[in-house]
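Listed here are the chains, written in short residue letters.
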Amino acid sequence: MSLLTLPARHLRAKWMRSLLLAAVFTLGLASMSGLYEVSTLIADNFEKKLLSYGANILITPRYETLKISYGGYSLGDVSMGEEPINLGTALPAVDSVPLRGNIAVVAPKMLAAARVNGRTAALVGVDWEQELQLKGYWETDGEFPEGDDATAVLVGATAADKLGLRAGQTLHVDGRELRVAGVLKPTGNDDDTVLFVPLSLAQELAGKPGRASFLEVAALCSGCPIEDITAQLQAALPGSEVRALAQVAESRMYSVRFAQNLAFSVSLVILLTACAMLVMSMLSSVAERKREIGIMRAVGFSRAGVAVVFVAEALCIGLAAGACGYATGRLLTAYVLHRLEAGAAGAPDFDPAACAAVVLLAVLSAGLAALFPAWRAGRVEPAEALVAL
Amino acid sequence: MITARSLVKRYSETETPAVDHLDLHVDEGEFVSITGRSGSGKSTLLHILSSLIRPDSGEVLFRGRDICTAPESVRNRLRGAEFAVVFQQHCLLPYLSVLENVLLPFMRGFAPVGRKHRETARAVLRRVGLGHKERSRPGELSGGEQQRTAIARALVRGARVLFADEPTGSLDSATGTSIMQLLRELNADGLTVVMVTHNEEFARLSGRVLAMADGRIAGPA
Ligand SMILES: Nc1ncnc2c1ncn2[C@@H]1O[C@H](COP(=O)(O)OP(=O)(O)OP(=O)(O)O)[C@@H](O)[C@H]1O
Ligand SMILES: [Mg+2]
Chain A
1 MSLLTLPARH LRAKWMRSLL LAAVFTLGLA SMSGLYEVST LIADNFEKKL
51 LSYGANILIT PRYETLKISY GGYSLGDVSM GEEPINLGTA LPAVDSVPLR
101 GNIAVVAPKM LAAARVNGRT AALVGVDWEQ ELQLKGYWET DGEFPEGDDA
151 TAVLVGATAA DKLGLRAGQT LHVDGRELRV AGVLKPTGND DDTVLFVPLS
201 LAQELAGKPG RASFLEVAAL CSGCPIEDIT AQLQAALPGS EVRALAQVAE
251 SRMYSVRFAQ NLAFSVSLVI LLTACAMLVM SMLSSVAERK REIGIMRAVG
301 FSRAGVAVVF VAEALCIGLA AGACGYATGR LLTAYVLHRL EAGAAGAPDF
351 DPAACAAVVL LAVLSAGLAA LFPAWRAGRV EPAEALVAL
Chain B
390 MITARSLVKR YSETETPAVD HLDLHVDEGE FVSITGRSGS GKSTLLHILS
440 SLIRPDSGEV LFRGRDICTA PESVRNRLRG AEFAVVFQQH CLLPYLSVLE
490 NVLLPFMRGF APVGRKHRET ARAVLRRVGL GHKERSRPGE LSGGEQQRTA
540 IARALVRGAR VLFADEPTGS LDSATGTSIM QLLRELNADG LTVVMVTHNE
590 EFARLSGRVL AMADGRIAGP A
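So the protein lines, in turn, are chains A and B. In terms of our numbering, the first sequence has 318 at position 318, counting the first letter as 1, and numbering is strictly consecutive. Remember, our numbering sits 389 above the position in the second sequence when you count from 1.
Do not take every clue at face value.
[To be verified] Which stretches of chain B does chain A cover? Using the computed rule of at least three CB atoms under 8 Å from a CB of chain A, they are:
| # | stretch |
| --- | --- |
| 1 | 402-414 |
| 2 | 419-427 |
| 3 | 481-488 |
| 4 | 491-502 |
[Claimed, not checked] Only pairs whose alpha carbons sit at most 30 Å apart, straight line, appear in this in silico DSSO-like list of lysine-lysine:
| # | chain 1 | residue 1 | chain 2 | residue 2 |
| --- | --- | --- | --- | --- |
| 5 | A | 162 | A | 185 |
| 6 | A | 14 | A | 185 |
| 7 | A | 208 | A | 162 |
| 8 | B | 505 | A | 208 |
| 9 | A | 290 | B | 522 |
| 10 | A | 109 | A | 185 |
Since the hints were made in silico from the structure, they are not lab data. Note that the Cβ used here is the ideal one computed from N, Cα and C, for glycine as well.
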């Protein structure tokens, strides 16, 4: 028994009213946390899909070409200063840009030509891990090489046809014995005509250890325009040329953001409505309980003491609604994801921080909503309340 | 113990004052009844004396100190410790048990009510004849039992003065008589009682009867 017994007993006595208020609050919080969770999940999912579209930034060495013709003969273009990218300096430079967090994949490539089973073929040296992340759409009849597999080869569909290669076979590249890990299903792009080999092998064949012909970068652009990332990369790599390949990602992320903002605004309106309901209900409760307030004041309760009774009631409702709202929000999320058949994305894990945030939001908004009615309760004059019968 | 000097209280500018330059003295241990026609200002006077409202002018000295101009915190403490009020009816919070209603003056802070207070509350409830009802809700009590609970609430904190505004007003005469009997016993134990009543017979049971008319003490009845 203490000051807090009063709100507790009153909530229990008026359980129907308490339940209704908590329900309205729960609704607002559930829609808020549910919509937020769904839109975040969809955005995440969308980012993953964007990633599977491949690279959107290309980093190449800076060429200076010179057309040479003499005496009516064209000697063709002569490239000056064509020096492959030095990975030893380029990769740390990429890591150093402020928007590094938005860069999902940095895939270096080394181009080389070699004799494969006696015929000339185009080879692309890649870092398996980065490349496979970038080429999410690749399919193979064999298996994808792991991490630093130095003897594996992935063969493009057309090239496999021409060279008569199948998954599991061994093949000879400039005298080295390698293994066909898998043959790629046709992709309809340049990947069909080449053989993907470990980066180190291609560097060795080209005689350029530690270097790459170009870098493909996949950046996620939720929250930043791709121009910013490009500009930062360009500043970090003055000797190279950095180009954005697609602006698609940005505009799509924009619509996801818009949907997210919309969801947030709607939930905010619901929550504000719940707060307004709490204010109105508590104001009428203050009027209704004038006599009680008079009794409390007559036995020595201060204005603040009376106000605390009312605020505590609201906080209780907020606390209950916060916990219920978070739980309901999660059910809502699971249901929406199920309906959207985005089940693949999986229902989100229980996040204590998110739960705490929802409860805190609930308690804070309920407390704020209760301030004015509680102040009014404190202002009730004891005699006035006791006379009114 | 309580001295009122030249008290004036008017509820609106146009009307005559509810209490009009009233002087009053109550000694420690006295049992004073105030009678008078409806609207003569009895309740208003009682509210001023028990520090529920402030007069427009004049002073009320309690133990030599003016309580009308005292800060709110001092008046809160007076209401919580020295003074107790009982009204005609509905002096209890409906959703608290009888025991909790009696302990209400101790529920002003976050600290839980101590064992000692609970024991006192039970003893006081037995004293007013409600030892078996401590778990009941006010709604389950008769009018007389509700008034006894309100009186128990005055006793539990050792209040020095009990202000009762028609405490028997809503009771039948037998129940009213038993409440009067209880008040007389408590008065005999040292409690100062200031009671407003319409019942001449009950008024005569008190030590001194004052008649009020038009916001003033017209004299002993
Ligand atoms: N809160 C109030 N606001 C305005 N006028 C009031 C208020 N309380 C009392 N009055 C007026 O003050 C005058 C005295 O009222 P009061 O209640 O003190 O009389 P009373 O002697 O207790 O009457 P009763 O025997 O009917 O209880 C009356 O005219 C009443 O209308
Ligand atoms: Mg009256």
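Tell me if the straight-line CA distance from residue 109(A) to residue 185(A) falls inside 30 Å. Distance ~21 Å between residue 109(A) and residue 185(A) Cα, so the pair holds.
Holds or violated: the stretch 402-414 of chain B covered by chain A, criterion of 3 or more residues with Cβ-Cβ distance under 8 Å? n = 0 at 8 Å, threshold three: violated.
Can the stretch 481-488 of chain B be counted as covered by chain A under the rule of three residues or more with Cβ-Cβ separation shorter than 8 Å? Check passed, 5 qualifying residues.
Residue 14(A) and residue 185(A) were given as a pair; does the straight-line alpha-carbon distance stay at or below 30 Å? violated (68 Å)
Does residue 208(A) lie within 30 Å of residue 505(B) when you go C-alpha to C-alpha? violated (90 Å)
Hinted pair, alpha-carbon criterion (30 Å max): residue 290(A), residue 522(B). Please report holds or violated. holds (26 Å)
Go check the stretch 491-502 of chain B versus chain A for me, would you? Three or more residues, Cβ under 8 Å, otherwise it fails. It holds: at least three residues are needed, and the stretch 491-502 of chain B offers 11 whose Cβ sits within less than 8 Å of chain A.
Assertion that chain A covers the stretch 419-427 of chain B - criterion: three or more residues, beta-carbon distance below 8 Å: violated (count 0)
Satisfaction of hint between residue 185(A) and residue 162(A), Cα-Cα up to 30 Å: Holds, because 14 Å separates the two Cα atoms, which is no more than 30 Å.
Satisfaction of hint between residue 162(A) and residue 208(A), Cα-Cα up to 30 Å: Roughly 28 Å between the alpha carbons, so the hint for residue 208(A) and residue 162(A) holds.
The structure fails hints 1, 2, 6, 8 (numbered hints given earlier, in ascending order).
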